[in-house]
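Starting from the known structure of chain A, fit chain B onto it as the hints suggest.
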Amino acid sequence: MKDFIIPWDDRDMGTPAKEGAPVTLTIDGFEVTVPEGTSVMRAAAEAGIQVPKLCATDMLDAFGSCRLCVVEIEGRRGTPASCTTPVAPGMVVHTQSSKVKKIRKGVMELYISDHPLDCLTCAANGDCELQDMAGMVGLRDVRYEPGRNHFEQRAAVGPNPEYIAKDLSNPYFAYDPSKCIVCSRCVRACEEVQGTFALTIEGRGFESRVSAGMAGDDFLSSDCVSCGACVQACPTGTLQEKSVIELGTPERSVVTTCAYCGVGCSFKAELNGDELVRMVPHKHGKANRGHSCVKGRFAYGYATHKDRILNPMIRDRIEDPWREVTWDEALDFAATRMRGIQEAYGKKSIGVITSSRCTNEETYLVQKLTRAVFGNNNTDTCARVCHSPTGYGLGQTFGTSAGTQDFDSVEHTDVVIVIGANPTDGHPVFASRLKKRLRAGAKLIVIDPRRINLVKSAHIAASHHLQLRPGTNVAVVTALAHVIVTEGIFDESFVRERCDWDEFLAYAEFIRDPRHSPEATELLTGVPAEELRKAARLFATGGNGAIYYGLGVTEHSQGSTTVMGIANLAMLTGNVGRKGVGVNPLRGQNNVQGSCDMGSFPHELPGYRHVKNPEVRAIFESLWGVEIDAEPGLRIPNMLDAAVEGSFKGLYCQGEDILQSDPDTKHVAAGLAAMDCVIVHDLFLNETANYAHVFLPGSTFLEKDGTFTNAERRINRVRKVMAPRNGYADWEITQMLANAMLKRSGDAGWTYTHPAQIMAEIAATTPSFAGVTYDLLEEMGSVQWPCNEKSPDGTPLMHVDGFVRGKGRFIVTEYVATDEKTGPRFPLLLTTGRILSQYNVGAQTRRTENVVWHDQDVLEIHPHDAENRGIEDGAWIRLASRSGETTLRAKITDRVSPGVVYTTFHHPDTQANVITTDFSDWATNCPEYKVTAVQVSLSNGPTEWQEDYAAQAALSRRILPAAE
Amino acid sequence: MPQPQSEPISDRISVLISEKLGLEGPLLPILHAIQEEFGHVPQGALPLIADALNISKAEVHGVVSFYHDYREVPAGRHVVKICRAEACQAVGGAALAEATLAKLGVEWHGTTKNGAVTVEPVYCLGLCACAPAAMVDGKVVGRVDAAKMTKLLEEAGA
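Those protein sequence lines, which keep their order, are chains A and B. Using our numbering, read the first sequence as starting at 1 and increasing by one per residue. Using our numbering, read the second sequence as starting at 1 and increasing by one per residue.
Rather than coming from a laboratory, the hints here were simulated on the basis of the structure. Hints are not guaranteed to be accurate.
[Claimed, not checked] Derived DEER-like restraints, expressed as beta-carbon distance ranges:
#1 GLY25/B with LYS821/A: 49 to 57 Å
#2 GLY25/B with ASP513/A: 28 to 36 Å
#3 ARG77/A with GLY126/B: 43 to 51 Å
[What the hints assert, rightly or not] If you want a taste of the chain A side facing chain B, the calculated C-beta under 10 Å gives, among others:
#4 PRO159
#5 VAL187
#6 CYS190
#7 THR196
#8 ASP217
#9 LEU777
#10 GLY781
[To be verified] Partial list, computed: chain B residues near chain A (C-beta under 8 Å):
#11 GLN43
#12 LEU46
#13 ASN54
#14 ALA58
#15 TYR123
#16 THR150
#17 LEU153
Positions of the beta carbon are idealized from the N, C-alpha and C atoms, including for glycine.
Extracted from the complex, chain A is given alone in its bound form:
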């Protein structure tokens, strides 16, 4: 298994890396040159010399409390701590003089005098820095008599008053105060890395203890978000993963990429044999820089959950119970049905939905299946319901369908606009990096109907929170541009040089119109004009300005228009093409960027090239030996409409739960029910599978090789950590399905034996991936597309010297109110979102301990609206819209404005999407999840729909025992 281990240096260098002029010094006779500002400790580590240390680690700033890292420096008095002493030219350092060795031994002796000596049965045995350092300083004896201590449960008489029992309240890690050496690494990690400030040192002197929250709090009741940074920082067994306590220390590790959100964190999967012991953030991961969140770090238990389906299943009708069958039988059944449908209803009567959860290679194969085997372009992906407006809007204005920056760019930004995104919940690792920059002085403008955590939390606060009414993004963004243009604070030289000047003049005339002024739109948007003007001035004049946005921008009837408005703002203020600026969509799923890149849309071949272009089709036609349809295929909503009409009969849906995630659940159900063959390829019997005829068990990200592309266009390697429990990786299953169908039509089958071959095919056909190979990824860790002859090492920043489309294009952004309007029957506006501990439809996170933080969806409602309706906190309420109704519990909070209610969609029994309507973005059909007119009233329990749904789901999930 050794060849899975990536030979990156994982040593702890003691203090963070610095940038600066080179400084040369001598350490133990070796000359070493390091950047100015580097600590003596790190300089020694660069020279290969480790100075003993306990409170220092390179994820945190030096603290200088443990006194173990003392050294002698010629010409200086005393024994300075090497972690807090910066290097100086010509310095001569001795790390092993007899004086410092004696000091270290004495310090270590003191530490050990208040530490249990149960190393052999300690969960950190072999993975403990205290143990290592005791060995390193050569401690052989502790001369102190037994006395007051923190580790013995019982004292000479009665219980030891200093002993504090373990805190096991967090489901994933334990806190054992008896092993704590009070180095403060956990407290500092919570502050510096995560930015939550949930931990502190309480008391003083001998009474100093690590405390989560205030007196009486435990880890679960404190502000702790379970990111794992403290566990990572702990040098002893004090903060320890429960999985390590249970399973033992892992002996091998594989670097791979998290399969949750679009941040795309790198992790080391640590194992014993094929048993995953823990996931540890990889410090060389370029997206996460050694940080993680509760989902990626801990919520992987779904991979071995008992609900996971491991055998293929089929059934004739969706009313029947499932029958477990062999792979051959399932694939033959599926192929026969799909080909049968095509014979009866025509070539275009079937299609696929690709998954943003699967790898690039898998997605590429699924769209190839449609185009080369089905013979049509009926492929769509869940980006349809999230970031399709990003693709369209940025494509039109800049010329590429992706974010312009890498995540490191946030470290250089001065003013950040966060619009329609809730990074602390949706993209937590990015949020931590943003918060770090905000604490260092950057300014923040939040545009959101809800008071998200970034608006105000420990040590950060937004300069301006523009709390707009849902659905008025375009009006607000346009008003910001109006202020910037009319007050003359736009970057004219940038616009003249980089953008189309004539188009700008037309745009400027449009935007100057007083009807776009903040005063004119205030009534509409609810944003105070003066506040908006201040925000616009801050963004235009505050230095490097970066815009980060999420689904609160795209999931509207004018989603694409808002994206264009954001692009306009960036161009107006000259904030494109360097570090610290740019337009940054926070992509939802791990590989939603990749699935779009791979040609998942019905009108685009891989690399965003329209199917109507014969020269693009020719590339694939010659390689695949088939003719590609020149007509764009059906989008998801069109597929469902066509199914209800009777012209679309078969669907292969990989790794997406459209029944739960897509709007207007009743319409989706009707569409699925009308099909003759629905093939669901997933880990679990998801909600969509209730309407499926074939179930192909999927593999998790731990069980396959491939690549994910994150929100910063970074192609990260996914590595096979263990064998697929279902037998095959997903790309193999798609290939088997393709081959079963090709066999029936007498054509030659596909013959991929490794995803690297699929990537080679992608590189050969898609210019922005031309230089990508697995060898390159192995060597560089990851690479950002475009990666080709022009930029062989990838492209961290886009549009540096010019826009991809040539001149940046200003597009007029006229606000058009959505057709979804409040009225007497539905007076409130519902908007939807996510929370930290659950992911999307919850199929994975609901099957982990993460449910302790969020076991049901709740409706946030303002105290004023609640009081009007006689609703108390925690009451069952009925939430009704023009499309449907559901019930859930109320949570009274002033995070939302009066007139606005908010919920999440993580739980299928709530089915928030029964409520949402089928209005959608004018350009891309991205559904308008974020605005629904609703009414809220008290209720006794589940609605009829919820009961019917539960009954139908139970019925359709029956599995017959396998035939003997």
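Leaving out everything else, chain B in the frame of chain A:
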């Protein structure tokens, strides 16, 4: 445990916080003001302070617990502090302290049943020349022997 705050108290705490909010480094002055008003820093004040200063509850707790003089519960009507530093120990301070605690039937930081006296340790009152030393309600007393202590306690109504 954070005790539920009745509304008038939390309103008053908010006023005390807002009075000091303009100071540079307002946390300690706020805690002083609250302790002065209520005789202790109620746990329920911590979230209010954290919110007003935009820091975390844990940080406020860290500061409050660092200083022994911030009380979690109100003291008795009188506070007797007995010095336990080296000079006083050398001339019988420890014995005096032990005898006092035994006499009152309390532990360190304890308050007599009638609520008259709270006894606390202190580490040096700067009165080493007149050891053993004590402090009663902020006033230092030197050369405290058993008789003097008895008198002090009687005056305090213990």
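Comparing the hints with the structure gives:
At about 51 Å, the CB distance of GLY25/B to LYS821/A agrees with the hint of 49 to 57 Å. A beta carbon spacing of about 49 Å between GLY25/B and ASP513/A contradicts the range 28 to 36 Å that was offered as a hint. Judged by the Cβ atoms, the range 43 to 51 Å given for ARG77/A and GLY126/B is violated: they are separated by roughly 31 Å. Given the 10 Å rule on beta carbons, the hint for PRO159/A is violated: about 15 Å separates it from the nearest Cβ of chain B.
Checking VAL187/A against chain B by beta carbon gives a least distance of about 8 Å; that is within 10 Å, so the hint holds. For CYS190/A, the shortest C-beta to C-beta distance to chain B is roughly 8 Å, which falls under 10 Å, so the interface hint holds. Of the supplied interface hints, the one on THR196/A holds, with its beta-carbon coming within about 7 Å of a beta-carbon of chain B, less than 10 Å. The beta carbon of ASP217/A comes within 8 Å of a beta carbon in chain B, closer than 10 Å, and the hint placing it at the interface holds.
Because the closest C-beta pair between LEU777/A and chain B is about 40 Å apart, greater than 10 Å, the hint is violated. Residue-level restraint check for GLY781/A is violated (minimum Cβ-Cβ distance to chain B is 35 Å; threshold 10 Å). With 8 Å as the threshold, the beta carbon of GLN43/B comes within range of chain A, its nearest partner Cβ sitting at about 6 Å, so the hint holds. This hint holds: LEU46/B has a C-beta 5 Å from the nearest C-beta of chain A, less than the 8 Å allowed.
At a threshold of 8 Å, the smallest CB-CB gap from ASN54/B to chain A is about 6 Å, leaving the interface hint in force. The beta carbon of ALA58/B is positioned within 8 Å of a beta carbon in chain A (closest approach about 4 Å), and the interface hint is therefore held. Interface restraint check: TYR123/B against chain A, minimum CB-CB distance 10 Å, threshold 8 Å, status violated. A least Cβ separation of about 30 Å between THR150/B and chain A goes past the 8 Å threshold, and the interface hint is therefore violated.
At its closest, the beta carbon of LEU153/B sits 27 Å from a beta carbon of chain A; the interface hint therefore is violated under the 8 Å criterion.
The structure does not agree with the numbered hints 2, 3, 4, 9, 10, 15, 16 and 17 stated previously, though it agrees with the rest.
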